[in-house]
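Colleague: Below, each chain spelled out in residue letters.
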Amino acid sequence: DVKVTQSSRYLVKRTGEKVFLECVQDMDHENMFWYRQDPGLGLRLIYFSYDVKMKEKGDIPEGYSVSREKKERFSLILESASTSQTSMYLCASRLADGEGEQFFGPGTRLTVL
Amino acid sequence: GDSVTQMEGPVTLSEEAFLTINCTYTATGYPSLFWYVQYPGEGLQLLLKATKADDKGSNKGFEATYRKETTSFHLEKGSVQVSDSAVYFCALDGGSNYKLTFGKGTLLTVNP
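Sequences listed follow chains U and F, in order.
Note that our numbering gives residue 103 to position 103 of the first sequence, counting from 1, and the numbers run on in steps of one.
Each position in the second sequence, counted from 1, maps to that position plus 113 in our numbering.
Hints in this document: simulated from the structure, not taken from any laboratory.
Careful, some of the hints might be misleading.
Calculated pairs, DMTMM-like style, for lysine to aspartate or glutamate (alpha carbon to alpha carbon, straight line, at most 25 Å) [said to hold, decoys possible]:
| id | chain 1 | residue 1 | chain 2 | residue 2 |
| --- | --- | --- | --- | --- |
| 1 | F | Lys162 | U | Glu101 |
| 2 | F | Lys165 | U | Glu22 |
| 3 | F | Lys169 | U | Asp59 |
| 4 | U | Lys3 | U | Glu17 |
| 5 | F | Lys162 | U | Glu22 |
| 6 | F | Lys173 | U | Glu22 |
| 7 | U | Lys57 | F | Glu129 |
| 8 | F | Lys217 | U | Glu69 |
| 9 | U | Lys55 | F | Asp115 |
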């Protein structure tokens with residue numbers, strides 16, 4: 001089975017801090033994704049990566065950046081956290097474009113105070 | 114662009130009741146369609162999928178049929194259980210831009 005893991009289930013940070021969210025998948029998938037999930041808004045795509053060192057902006061990239069130096073790892077970076085970035089963050093991976101479903105990690109609930 | 118509209122919740126049912134969660138979509142081309150489920154405190158899990166018109170996806174007693182003529186992919190289950198309480202997301206993969214487009218989710222609560 002594909003396994004997608006995220007570095008933390010819960011995280012509390014202060015406004016202005018630099019925050020790193022890590023995601024690792026163990027099935028050699030090419031595509032990886034970061035979403036945020038908010039009540040009433042569903043899932044919104046922040047960034048995705050279709051291969052190592054490649055990245056594309058999603059629907060809401062402002063205030064975020066990403067890094068994919070190795071195929072299995074995709075990091076989401078909040079350069080200067082704000083209270084508006086308090087949310088549930090979900091990482092996902094997929095074998096390749098057009099190759100079916102995305103597999104999700106358990107999520108990181110981030111609170112920015 | 115692609116979009117997914119699913120019925121707003123919350124939906125509250127008694128155990129063994131019949132469930133329908135409506136989902137309609139807008140897409141160019143021939144999308145693949147998915148239902149994901151999110152149990153409390155967890156990430157999303159694929160529940161079922163359909164990749165072409167008239168396909169029926171099924172899993173754990175849930176079913177959904179890809180209806181191109183009505184652009185719909187409604188989720189059904191004949192007899193829900195308390196353990197089915199979760200948030201359900203309809204999603205499509207338009208095939209052209211890597212991403213999934215999700216509906217906003219429907220919270221289902223099943224009471225004993």
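Colleague: Could you work out which of the previously given hints the structure breaks and list their numbers from low to high?
Modeller: Violated: hints 2, 3, 4, 5, 6, 7, 8.
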